[in-house]
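Chain A is fixed; fit chain B onto it per the hints.
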Amino acid sequence: MILTAFALSAVTSAAELRLDRVDLISEDTGAWINYEAPGLLAYPTRGAVRYVTQVKPVLALPVEHLYLGLSIHSQSLVYERPFVEGSEFTWSAGLQSALFFPRGALAGVAWRHGPVRLAVGVSAVSGGTWARPGGVAQWDVLPTVGVGLVRKER
Amino acid sequence: MITLFLTLLACGAIDKGDPLIEAHRGGAALWPENSLAAFEAAVARGDDAVEFDLVVTADGVAVLSHDPTIRQETCTTMDGGPVDEVIYVKDLTLDELQSGYLCGALPDAETPNAQLDPAPMPTFAEALDVFAQDPDLLLHLDLKYEPGQSPPPEDMARAFAEALRAADLPNPAYASANLPEILVAMKAELPELPISFTTPRFPPGESAAVIALKSELLTATGVHDLIDQARAIDAEGLCMPYQTINRQTVELAAQAGLDVQIWTLNSERLLDHYSKWPVMSLITDDPGLAP
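As given, the protein sequences belong to chains A and B, one line each in that order.
Following the working numbering, the numbering of the first sequence begins with 362 at its first residue and continues without gaps.
Following the working numbering, the numbering of the second sequence begins with 9 at its first residue and continues without gaps.
Worth flagging that the hints you see were computed from the coordinates, not collected in a lab.
Warning: the hint list may mix true and false statements.
Derived CB-CB ranges, DEER-like [what the hints assert, rightly or not]:
no., chain 1, residue 1, chain 2, residue 2, range
1, B, 219, A, 497, 27 to 33 Å
2, A, 474, B, 209, 44 to 50 Å
3, B, 26, A, 475, 33 to 39 Å
Quick partial rundown of chain A residues pointing at chain B, CB under 10 Å, derived from the structure [said to hold, decoys possible]:
no., residue
4, 392
5, 402
6, 414
7, 464
8, 474
9, 488
10, 501
We treat Cβ as the ideally placed atom computed from N, Cα and C, and that holds for glycine.
Okay, chain A solo, but in the shape it has when bound (with noise of 0.2 Å):
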């Protein structure tokens, strides 16, 4: 995961993308959080595993407050910016997707101080995936929680 996130870092660059951060802990979809987490105790092997899988670099895109946020559990398009120019405190609305297939949608607010992100937000999410696009008819509404390291500005 690191190494993707150098790998990312110089194709952004390149791009006129850049890192935002890495998010420990994603937003996306509250599965981890919600339904991993609290079995760590019980199995930790698989709670383990699947923490990997949402551990989220997230790109700056050139659009001002647009961000993209990449892992193997979930992708996600998100606008976020301070409540007050200047401030640590942020809102976030936005997207998220299966191995881009879209099924749902976030919304939160995080603090923003120094190398870290800390959010809370809801997450509305849809069983369709690509192997069942018909499970966009199933809703599942979690609150969720962020842990993100930013990227320090050069």
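Relative to the frame of chain A, chain B by itself:
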């Protein structure tokens, strides 16, 4: 936003379950797996449900065995000697099987505390006689079909159905298997018997870790869809190991009307954790560990 977040947590956005507890292979931590002694103990304990494995002999009799072979780890010859070669149950008649081998004669490394009780491999009919003592006991038939190592699925399903029809028990029951062909054959024989698709499949000789990781990746990315696989064979359920099960799959399966069974939970911590999930049953070698 924070209020909504706390409200969702407090209101239980995550459903709670109240699953049945199934004695895996009759309760393999206590007695030899798939033995009459294990089934009698399950009935005496008043277990919710009992899970057992079925194969078929050369003369078409359904018998209880986890493997298509005589299990070398737990069975011996009649004089107590080791079973040195790979012997398929499908190649022996019932008489050859029961007069030649004893199972439950050796300690099983997977369940070392189980009491030994050497006995011939029981028939499905003998097991059903025991289950008749408790008409509320849910019967979980695990159909062990392995291509090339078992009779054709249609022949196996016929043998299982004949035993069930002959016993004519009032007990609720369902069948599970990890290959669609045996479940489809069973459905054709007994349309009223619910079936559950066991996934992922762990073929003999292949790395369980690799299979589990592959399943994990395909499920995480949404390439692999278990619910549609179950629906494609008209299954009423999904039977999954806890190592690969996914809470979102369980929720979606429940919304799709599928029952979910989880195997094999052999600690109090695991049973306690999954007892809060919206699943039909939890399968364990020792039902006494359940909360």
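Right, here's what the structure says about each hint:
no., hint, verdict
1, 219/B - 497/A: 27 to 33 Å, "29 Å, holds"
2, 474/A - 209/B: 44 to 50 Å, "49 Å, holds"
3, 26/B - 475/A: 33 to 39 Å, "47 Å, violated"
4, 392, "6 Å, holds"
5, 402, "7 Å, holds"
6, 414, "5 Å, holds"
7, 464, "8 Å, holds"
8, 474, "17 Å, violated"
9, 488, "4 Å, holds"
10, 501, "6 Å, holds"
In summary, the structure is inconsistent with hints 3, 8 from the numbered list given earlier, while agreeing with the others.
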